[in-house]
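Participant: Let the hints inform the model, and build the full structure from the sequences given.
2 protein chains.
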Amino acid sequence: MTHKLLILSDLADQYRTLIEEAQLPDLILESTPTPEIDIVLGEPSRIKAALASLPAVGWVQSIWAGVEPLLDPASRHNYILTNARGVFGELMSEYIIGYLLAHERKIFQKHEAQKNKHWEDSDTGSLRGKTIGLLGVGSIGAEVALTAKFFGMTVRGYTTGSETSTHVDMYFHPLESDSLLSGTQVQQLAAVLQSFANGLDYLVNILPNTKDTRKIINADLFNALPPHALFINVGRGQAVDESALIEALNQNKIAGAVLDVLEQEPLPKDHPFWETPNLLMTFHTAAPSLPEDIAKIFIENYELFIEDKPLKYQVNFERGY
Amino acid sequence: MTHKLLILSDLADQYRTLIEEAQLPDLILESTPTPEIDIVLGEPSRIKAALASLPAVGWVQSIWAGVEPLLDPASRHNYILTNARGVFGELMSEYIIGYLLAHERKIFQKHEAQKNKHWEDSDTGSLRGKTIGLLGVGSIGAEVALTAKFFGMTVRGYTTGSETSTHVDMYFHPLESDSLLSGTQVQQLAAVLQSFANGLDYLVNILPNTKDTRKIINADLFNALPPHALFINVGRGQAVDESALIEALNQNKIAGAVLDVLEQEPLPKDHPFWETPNLLMTFHTAAPSLPEDIAKIFIENYELFIEDKPLKYQVNFERGY
Chain A
67 MTHKLLILSD LADQYRTLIE EAQLPDLILE STPTPEIDIV LGEPSRIKAA
117 LASLPAVGWV QSIWAGVEPL LDPASRHNYI LTNARGVFGE LMSEYIIGYL
167 LAHERKIFQK HEAQKNKHWE DSDTGSLRGK TIGLLGVGSI GAEVALTAKF
217 FGMTVRGYTT GSETSTHVDM YFHPLESDSL LSGTQVQQLA AVLQSFANGL
267 DYLVNILPNT KDTRKIINAD LFNALPPHAL FINVGRGQAV DESALIEALN
317 QNKIAGAVLD VLEQEPLPKD HPFWETPNLL MTFHTAAPSL PEDIAKIFIE
367 NYELFIEDKP LKYQVNFERG Y
Chain B
67 MTHKLLILSD LADQYRTLIE EAQLPDLILE STPTPEIDIV LGEPSRIKAA
117 LASLPAVGWV QSIWAGVEPL LDPASRHNYI LTNARGVFGE LMSEYIIGYL
167 LAHERKIFQK HEAQKNKHWE DSDTGSLRGK TIGLLGVGSI GAEVALTAKF
217 FGMTVRGYTT GSETSTHVDM YFHPLESDSL LSGTQVQQLA AVLQSFANGL
267 DYLVNILPNT KDTRKIINAD LFNALPPHAL FINVGRGQAV DESALIEALN
317 QNKIAGAVLD VLEQEPLPKD HPFWETPNLL MTFHTAAPSL PEDIAKIFIE
367 NYELFIEDKP LKYQVNFERG Y
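Order-wise, the sequence lines are chains A and B. Residue numbers for the first sequence follow the working numbering, beginning at 67 and rising by one. Residue numbers for the second sequence follow the working numbering, beginning at 67 and rising by one.
No wet-lab data here; the hints were simulated from the structure. As the structure is a computational prediction, the values presented were derived from the model and not from experiment. Treat the hints loosely; a few may be bogus.
Each pair may be met inside one copy or between any two copies, as identical chains are not told apart.
[To be verified] Below, in silico cross-link-like pairs of lysine-lysine (DSBU-like), each with a Cα-Cα straight-line distance of 35 Å or less:
| # | residue 1 | residue 2 |
| --- | --- | --- |
| 1 | LYS183 | LYS114 |
| 2 | LYS172 | LYS335 |
| 3 | LYS378 | LYS215 |
| 4 | LYS378 | LYS183 |
| 5 | LYS172 | LYS196 |
| 6 | LYS183 | LYS375 |
| 7 | LYS281 | LYS181 |
| 8 | LYS172 | LYS114 |
| 9 | LYS277 | LYS183 |
| 10 | LYS196 | LYS70 |
| 11 | LYS362 | LYS277 |
| 12 | LYS181 | LYS277 |
| 13 | LYS183 | LYS281 |
| 14 | LYS378 | LYS172 |
| 15 | LYS362 | LYS172 |
| 16 | LYS335 | LYS277 |
| 17 | LYS215 | LYS70 |
Facilitator: Structure below.
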């Protein structure tokens with residue numbers, strides 16, 4: 067049986083070259099949507115827009131980790147959705163360590179002092195002995211935990227999943243919840259998150275955007291953090307109550323925030339984040355999807371697909387990741 | 067036999083407390099110089115100034131790694147000099163990784179963009195696959211090499227010593243030189259350094275200040291580096307030809323420099339470094355001497371001293387480290 071692939075990405079030419087080089091059996095690369103196309107590789111928002119004209123699609127490989135557009139209940143979900151995983155952990159770890167060190171080493175303060183010809187030899191801090199809390203311990207979180215241990219940190223992990231990473235010193239779990247939380251469950255979840263946050267030097271969000279993660283990082287959580295804590299968000303902007311974050315920073319409830327992801331991207335020009343004190347933004351560049359990495363995932367999954375084996379990195383439409 | 071210790075440091079009170087807590091046998095802590103004092107712990111420049119009034123001193127423990135003031139040929143050298151080692155590697159590694167990531171992740175550019183309310187989502191770089199060259203592979207260099215391997219870099223090491231670190235992928239050695247180099251030897255050393263520098267993404271100097279390391283980082287070396295290379299100096303300022311560095315940066319022969327140490331510290335207000343493009347200074351804060359670390363070294367050495375065993379971290383006055 068022959069399969070027909072459509073690539074929907076700004077980097078379609080690069081993906082096409084990489085996939086053609088792999089000489090995959092029984093695969094034809096199409097350039098435009100046709101009713102016979104059964105596989106799509108690309109960016110979730112583009113794929114969502116094209117799905118209505120692709121009735122034969124049985125498998126979609128997202129080139130991103132986040133697949134929110136495809137989870138829309140108004141879209142069809144009768145195909146296998148796989149996302150990109152396993153390739154972002156090292157890049158995310160570099161990003162997180164880079165900004166933790168920029169904070170501890172006072173990189174911006176030293177630079178300002180230099181502009182003023184001031185010999186600024188005040189002491190700087192270290193990562194060693196600090197405690198980092200990871201909201202989300204999937205493949206990215208496990209890599210961040212490994213890196214944090216390398217630098218001598220204590221690692222706490224909050225996850226709904228199993229305790230697979232051995233680099234997490236202490237795990238925290240929410241209650242099981244397939245439906246909306248009852249009042250008591252909400253209180254118990256808040257208590258778990260409070261004890262997770264208590265005494266953290268660094269809080270890092272790696273959670274995907276699901277109904278259970280929306281605004282999980284809120285005023286209660288910021289109040290539970292010590293005032294010297296730094297918050298980094300590399301998961302999804304929807305996990306943060308942005309008003310609560312602005313208040314926490316304005317009132318020095320935490321020392322700073324580094325946001326790679328935001329509720330609305332690009333950020334509107336009139337959003338207060340542009341001028342919130344001690345807030346840095348990096349414009350969704352923490353872990354780019356590199357075609358050479360993602361093409362490997364597609365090729366591996368295609369080989370499973372034609373052998374009727376289960377694909378890697380399948381997304382559960384209900385769960386959202 | 068009773069020993070008398072004098073502490074010469076801005077942090078003398080902290081050192082006194084830490085050493086008193088250790089309850090070392092037969093040790094009296096003196097507060098002022100007396101002719102009976104036989105051990106000194108402190109900052110090299112202060113010790114140099116006091117040595118003339120301390121005729122009985124047989125052992126000096128420096129709280130710093132660099133001991134240049136005590137190497138002055140005009141000072142007396144008939145005592146055992148030990149310096150601080152083994153405690154700076156992790157701090158230096160954090161510093162180096164922090165500034166490499168600030169460079170790759172465009173931390174300053176992203177911050178500038180934010181001030182201008184510009185959504186700056188240009189691609190950023192990674193440490194993975196890069197090649198780092200370490201000038202000096204002692205205890206600090208070995209720790210930096212370990213950290214560089216953790217982040218997936220290729221490591222080159224230039225050292226006069228043995229190849230003790232297994233995290234260096236390729237070693238480079240100068241010729242043996244106990245006296246001044248002849249013309250041919252100078253050419254051969256330059257050739258070794260050129261092949262060491264050729265193709266490096268990052269050049270890191272960790273060398274001490276000795277007659278063999280002065281201005282070892284010069285115009286020839288900068289010319290051998292690729293234009294995208296970043297230079298970091300955590301060794302000693304005297305190892306760098308500062309005029310050649312200014313020229314290399316002004317002419318974009320290298321991409322940038324991060325200097326923790328300088329030929330003259332604090333830097334004079336009229337020095338061109340304050341305004342040299344793509345040059346960052348951090349004012350000798352990369353690896354502070356923490357009293358709790360240095361006191362441990364002193365206590366360990368004191369126990370060897372009273373048992374007439376060889377002390378750790380002895381400095382060879384001739385060699386300079």
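Participant: None of the hints should be skipped; say for each whether it holds.
Facilitator: Each hint, compared with the structure:
no. : hint            : in the structure
1   : LYS183 x LYS114 : between (54 Å within a copy, 30 Å between copies)
2   : LYS172 x LYS335 : both (28 Å within a copy, 22 Å between copies)
3   : LYS378 x LYS215 : both (28 Å within a copy, 29 Å between copies)
4   : LYS378 x LYS183 : neither (55 Å within a copy, 40 Å between copies)
5   : LYS172 x LYS196 : both (16 Å within a copy, 25 Å between copies)
6   : LYS183 x LYS375 : neither (64 Å within a copy, 48 Å between copies)
7   : LYS281 x LYS181 : between (39 Å within a copy, 26 Å between copies)
8   : LYS172 x LYS114 : between (43 Å within a copy, 33 Å between copies)
9   : LYS277 x LYS183 : between (51 Å within a copy, 31 Å between copies)
10  : LYS196 x LYS70  : neither (51 Å within a copy, 38 Å between copies)
11  : LYS362 x LYS277 : within (31 Å within a copy, 52 Å between copies)
12  : LYS181 x LYS277 : between (47 Å within a copy, 33 Å between copies)
13  : LYS183 x LYS281 : between (43 Å within a copy, 25 Å between copies)
14  : LYS378 x LYS172 : between (42 Å within a copy, 33 Å between copies)
15  : LYS362 x LYS172 : between (39 Å within a copy, 28 Å between copies)
16  : LYS335 x LYS277 : within (28 Å within a copy, 57 Å between copies)
17  : LYS215 x LYS70  : neither (45 Å within a copy, 42 Å between copies)
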